[in-house]
Amino acid sequence: MRSANTRRRRGPFAKGDIIAVASGALLLASVISWLSLQVARNVIADRAVAAGKAPPAEAGH
Amino acid sequence: MFGSRAKRRVATWHRWLGLGLTVPLAGWIVSAAVMMLVTMNAPNGLAGVYKLNPYNSADVRLDAATVDPNVLLGKLAKEHGIGRVYWLRLQSRGPHLWYVVKPTPYALAMVFDARTGSRLDPLSDDLLAVVAGEALSGGRVAGLESASEYNRYYEADRLPVVRATIEGEQPARLIISRDEGRTLRRLNAESERFEWWYRAFHVNQFTDHIAVWTTLLYVCAAGVITLSVLGYMLFWWRRPRAASTSPAGGNSALPLRARNLHRKLGVLAGGILTLQLLVGGYLWLSLGPLEDPFRGKASFSTDWEAGFTTGRPLASPATVLSRASAALPASPRPVQAIEWRVLGDKDVWVVTSRMDEAPRVFDTTGSPLATLDPHEAGEIARQEVVGKPDFVYVGPSPQLWMDLNRPLPTYHFRFKDPGETDVYVTQSTGQVIQRRPWFWRMFGPFLAVHMFAFTGNKTLDMILLASFQLLVLGMIATGWRVRFPGKDRYAKR
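Heads up: the sequence lines are chains A and B, in that order. With this note's numbering, the residue at position 10 of the first sequence is 10, and numbering never jumps. With this note's numbering, the residue at position 184 of the second sequence is 184, and numbering never jumps.
These are computed hints drawn from the structure, not numbers from a lab. Glycine included, every Cβ here is placed at the ideal spot set by N, Cα and C. Be aware that a few hints might be false.
Claimed, not checked - Output of the computed footprint for chain A on chain B, the stretches with three or more beta carbons under 8 Å from beta carbons of chain A:
| no. | region |
| --- | --- |
| 1 | 270 to 282 |
| 2 | 432 to 444 |
| 3 | 448 to 460 |
Only chain B is shown next, with the shape it has when bound in the complex (with noise of 0.2 Å):
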């Protein structure tokens, strides 16, 4: 089937291509070993541990907004033409005070100042200063910079952010939209340098154009599968040869040694390192190109008609803090936050007395109500789902929620939405935290085999991946050693 030049070519093949991928190959077997041992003894994992700063640094009583929410939804229906909003809030921030309002629970929010009725998104640099700087417990703000992120509670591909870095007790960099100031991620040393890592030697981004890296790391992968199918077809033609003979011709002069060991770690470790690279590719398109279906970004319903419309009234915030007063936890410093919703058919205030803390739902009488139903959560969970779906009840679970760095009580449901998606909304303020769709459900086994996560020893699962990382820059260093045997060819002769 192979002639011998045929053979000598995938020989020159096989050699080409592993000089050329070494950077990539070893990159991604480095990669693995610093994330795996970065993460290894992280307390909560990349999420990290933080403690929230629970007040804003300035006392500013909410009722001293001098806009009504009245006026400032007319000028929402009447200046920017929106109906219907999904939520409108009104807090401080330092010694701001502002309403936010989200048009829809994925769009973008809006920010005007509640004492002029100016808008104020996208936030300035001055403003988000101040946002960072009291995020954290103990923290100032050593700088800004601008970027954009990926989040999986917008339709917008990218938001505008900036990334904050805070000095102080708790060292972080934190990722906050410009909307409205929303921490959308929070790094500390740990998760930065696993990000650093993860990003530029193991999927290769090096900016946002991810189909631009996209194909140079898929190619990268399809070259070191090529490589390995090479090699296999290299060791089979020449079995019965092993390297403690000098076959006829010019490799006699090799170092015999590495020939032979390369030889057999390749055929060690090259169905292992094939089978990584497809199930890598696999993950890739999930966490990459493929990410917004992965995230459950896919079932977000394009005809949402909940929330209320603009010219409904609302209670001024002087009367949502008599009334919601006499419920709430005895405090030093002002209420946050209030914000208007509604859920179900009831209006709804969300009264955040602290900033790390779950805010608390009253009804417009000021009575704090108690946990929703699961079929009302389900209900108000369908507004927001694509179709408007029949969906299953699957029972309480625990899911975390970024804004607090903590795990909510949530109800789960199984949505009959093209995606099969899990929605899990929040028992108290029925906000949808998390989908996760069929697609990322299938993701788990993979994503083990991956990391090596075989026995759930996590001493015994290092061990292995660290054999196989092993194996494979072995292969790496013999294959540079067989093709440049340096004083020993010349030794040789």
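The following block holds chain A by itself, in its conformation from the complex (with noise of 0.2 Å):
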């Protein structure tokens, strides 16, 4: 019973912790989204090289 009280009291997550999942999810998704619209930047650009409407991209690696 008490500790269901302290819980209602401090809310889902323990002071300062908020900061951290916060943070966390904000680098997560930043990343998977650059990545994601990398990888989508890459298939157009890869299409259009191959229809003839765009200069290649030149990478080595």
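Put the complex together from the two separate chains, hints included.
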């Protein structure tokens, strides 16, 4: 009973954890969004090269 | 869904996985930092900058070859059952004169003594020492070590090579093929350090048994992903009680600050770490177990029939030299190599005056040939692509040619083979020097994520990467601190 009361008073996360949770989620979402965008741009550019509509992107690895 | 016993079990698994995977995880982080620092200011990246030796150490005229090229072709047909070759080259190496035969574009070469006709390949250490000693300007051989090497240009999985240690003006290690003494790779101090850290601590490849080490690598990566997921589960279950409050039970003795920091670092960096491991796993799939299709080997034609037959008459070296000499630049040293080739339906001679420059191409009258027409180059390349499919000419493009360690002007084609391979063909010699299938072309964004190359600003990207690495190292350190609190444990009691 005491524990449930304590939980309600404190909210879903312990004090201070909320910043870490929000930052972690924001970081992960940013990186996944960036990767998805780059992959999409890469695919579109690659198709454009085959169609003769764009110069190829040069890279080496 | 999870009872207290299951939660305790998750905590135990998280603890032991964390302890057990500390070495590979710390190895990945530290090696990434070292590799980034090693290559940060390296001019021309891992390829390095080298001054190649323009001439052989001994002046040997190519017309001193006593074995006629037609006699050699007859020998190939009669003794080796070879009816067609890609090219035939006569070259001097130190005091030696060699014929090098390339049976197909992707086969190992065969080498014959141009004075006796005897077969020399696989080349002995003595001959390879001559080759290695002449490769770099001002270099001398300090040692040779036999090894095997993957190379994108050959259908063989592993090539027999020597790793030659070069001392002198340009200390380096050269990876030289045993078939014809071709330099496959050059390693300077930076690239050698990079390779050591990469192989030992980043992809954990300690021998050539790729299947074994890749399994171990992926088991470790899966373990760290599991560790991360379990960590998030524990964080969620324990979210209402931060480490500042002592839960009932044995945890009261643990250093609370470390535990608090560990859960915060974990929730901050765990997601990115998991994503990096998934991306890294995909990258290693390309550079390791699936390197053949990644490097375009799946596009090698299996029914190649270009080149010329061993019954085709070839001009003698003396004829080639006399006809081509007028168009060659004045040189104090003899011509270094002559290559007999067929480009499309034309017999040509590819003549090398200096080994540090691209060769010149002549027709059989001794007239220098201008660059190939793109369509002509595309047709030559089509013979070397599986299924001889249609292609689209994309445009001109410079591409690195490892033999000269510099970019050469090429034509870029996109072929309609199963791998949708981009093929780059040198504009002068019609040589395919690069294949980049669709699989390869999709690699870039994943590599950029793995290297934290988000902004294009090297310094900022380095700061982002270093921050992430510090977070993960902090997570490891605090995890150990939580598990082994040392004197704090007793102080609390």
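Checked hints:
Counting residues of the region 270 to 282 of chain B whose CB lies closer than 8 Å to any CB of chain A gives 5, which reaches the minimum of 3, so the coverage claim holds. For a cut-off of 8 Å, the count of residues in the region 432 to 444 of chain B with a CB near a CB of chain A stands at 5, and the three-residue condition holds. Check on the region 448 to 460 of chain B: 3 of its residues sit with their Cβ under 8 Å from a Cβ of chain A, so the three-residue criterion for coverage holds.
Figure legend: structure checked against the earlier numbered hints; every hint is met.
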